[in-house]
Amino acid sequence: KNEVEQSPQNLTAQEGEFITINCSYSVGISALHWLQQHPGGGIVSLFMLSSGKKKHGRLIATINIQEKHSSLHITASHPRDSAVYICAAGPHSGGGADGLTFGKGTHLIIQP
Amino acid sequence: GAGVSQSPSNKVTEKGKDVELRCDPISGHTALYWYRQSLGQGLEFLIYFQGNSAPDKSGLPSDRFSAERTGGSVSTLTIQRTQQEDSAVYLCASSLAPRFRVNQPQHFGDGTRLSIL
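In the order they appear, the protein sequences are chains A and B. In terms of my numbering, the first sequence is residues 1 to 112. In terms of my numbering, the second sequence is residues 1001 to 1117.
Bound-form chain A, shown alone (with noise of 0.2 angstroms):
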C-alpha cells in the first residue's frame, strides 16, 4: 500500500515569500500529482510529473524518484494563492487500482 505524507499541515505566510511544501511516497509510482483545492471546494490539477522539474507561472514543482520525494514551490507568493495543496501519488507498480493515493493536504494561507 503507498502511503503518501505531506509537510507542513499547515502553512501561514507573509506575501511575497517563497514557499515550499514537502510530499514523500512510500511505493514506486507512475507519476506524482499536485492538486489544489480552492476554499470553495473546486480540485485544479496544477502537475503531473513522473521526473525532473516542471514550471508553469509561478509554482514550480520538482520530483526526486529515487528519494520517493516532491516538493511544490510557489515564488512571489500572493493572498489568491491560498488554499490546500494536495500531493497524491499512482498508479504504483503491483497496485491494482488506476486511482491516487491522496495525502492528506497542506493549507496554505498567504496574508498581505
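Quick caveat, the hints were computed from the structure, so don't treat them as lab data. Take these hints with a grain of salt, some might be off.
[What the hints assert, rightly or not] List of simulated lysine-lysine pairs, BS3-like, C-alpha gap at most 30 angstroms:
id: 1; chain 1: B; residue 1: Lys1011; chain 2: B; residue 2: Lys1057
id: 2; chain 1: B; residue 1: Lys1057; chain 2: A; residue 2: Lys104
id: 3; chain 1: A; residue 1: Lys104; chain 2: B; residue 2: Lys1015
id: 4; chain 1: A; residue 1: Lys104; chain 2: A; residue 2: Lys54
id: 5; chain 1: B; residue 1: Lys1017; chain 2: B; residue 2: Lys1057
id: 6; chain 1: A; residue 1: Lys53; chain 2: A; residue 2: Lys68
id: 7; chain 1: A; residue 1: Lys104; chain 2: A; residue 2: Lys55
id: 8; chain 1: A; residue 1: Lys104; chain 2: B; residue 2: Lys1011
id: 9; chain 1: A; residue 1: Lys104; chain 2: A; residue 2: Lys53
id: 10; chain 1: B; residue 1: Lys1057; chain 2: B; residue 2: Lys1015
id: 11; chain 1: B; residue 1: Lys1057; chain 2: A; residue 2: Lys68
id: 12; chain 1: A; residue 1: Lys55; chain 2: A; residue 2: Lys68
[Unchecked claim] Chain A is nowhere near these chain B residues, computed Cβ spacing over 12 angstroms in every case:
id: 13; residue: Gly1059
id: 14; residue: Gln1083
id: 15; residue: Leu1117
Nothing here was measured: the structure is a model prediction, and the numbers come from that model. Quick reminder that beta carbons are idealized off the backbone N, C-alpha and C, glycines included.
Assemble the complex: chain A is given as a structure, and chain B must be docked to it using the hints.
Relative to the frame of chain A, chain B by itself:
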C-alpha cells in the same frame, strides 16, 4: 469547454435512506474516477472506470456502495442504507488516458457534499 459536472451539489438525507450521485465527465474522456473526501481527511479513491472494461472497485468501503457507468459516459454512485460516516464530499474526475500519462491529468468536478442526519 464544459468540465466535469456533478449533481446534486449538496444532498442532505436521513440515515438509512439510499442516495444517488451523478457525474457527467468531459466528453471523450474514457477514464472516470470517484473519490471521497471526509471532513478533516484527505481524498480517498473509491472506484475507477475505463471504457467498457470491468470497473476497479477496490476502493469501495463497503457493499453498500456501488457505481455504474452507462454508455461509457455518465456515472452514478449509489450508497444504500446511508450511515452518518458516509457524510463527505464525493468527487468525480475524468481523464483522456486509460492509464496515467505525464500529459494526461485528471479533471475534477466540484463534488457533491453529502450530509447524513
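Practice prompt. For the pair supplied as a hint, Lys104/A and Lys1015/B, confirm whether the alpha-carbon distance does not exceed 30 angstroms.
Written response: Judged against 30 angstroms, a Cα distance of about 27 angstroms means the pair holds.
Worksheet item: Are the Cα positions of Lys104/A and Lys55/A separated by 30 angstroms at most?
Response: Satisfied, since the Cα-Cα distance of roughly 23 angstroms is no more than 30 angstroms.
Item to complete: Take a quick look at whether Lys1057/B and Lys1015/B sit within 30 angstroms of each other, Cα to Cα.
Response: holds (24 angstroms)
Worksheet item: Straight-line Cα separation of Lys104/A and Lys53/A no greater than 30 angstroms?
Response: Given pair Lys104/A, Lys53/A holds - Cα atoms ~23 angstroms apart, limit 30 angstroms.
Discussion item. For Lys1057/B and Lys68/A, compute the direct alpha-carbon distance and say whether it is at most 30 angstroms.
Written reply: holds (27 angstroms)
Worksheet item: Closest CB-CB distance from Leu1117/B to chain A, is it above 12 angstroms?
Response: The claim stands: Leu1117/B keeps its Cβ more than 12 angstroms from every Cβ of chain A (closest is about 21 angstroms).
Worksheet item: Between Lys104/A and Lys54/A, is the straight-line Cα distance small enough, at 30 angstroms or below?
Response: Roughly 22 angstroms between the alpha carbons, so the hint for Lys104/A and Lys54/A holds.
Worksheet item: Keeping to a limit of 30 angstroms between CA atoms, is the pair of Lys55/A and Lys68/A held or broken?
Response: holds (19 angstroms)
Practice prompt. Take the C-alpha atoms of Lys1017/B and Lys1057/B, compute the straight-line distance between them, and say whether it is at most 30 angstroms.
Written response: holds (22 angstroms)
Practice prompt. Given the hint that Lys53/A pairs with Lys68/A, test it: the Cα-Cα distance must not exceed 30 angstroms.
Written response: This hinted pair holds, its Cα atoms lying about 14 angstroms apart.
Discussion item. According to the definition I'm using, a residue is off the interface if its beta carbon is farther than 12 angstroms from all beta carbons of the partner; does Gly1059/B meet that for chain A?
Written reply: violated (6 angstroms)
Worksheet item: Just checking, Gln1083/B versus chain A, shortest CB gap more than 12 angstroms?
Response: The claim holds: Gln1083/B sits with its nearest Cβ about 22 angstroms from chain A, beyond 12 angstroms.
When the structure is compared with the earlier hints, a violation turns up for hint 13 alone.
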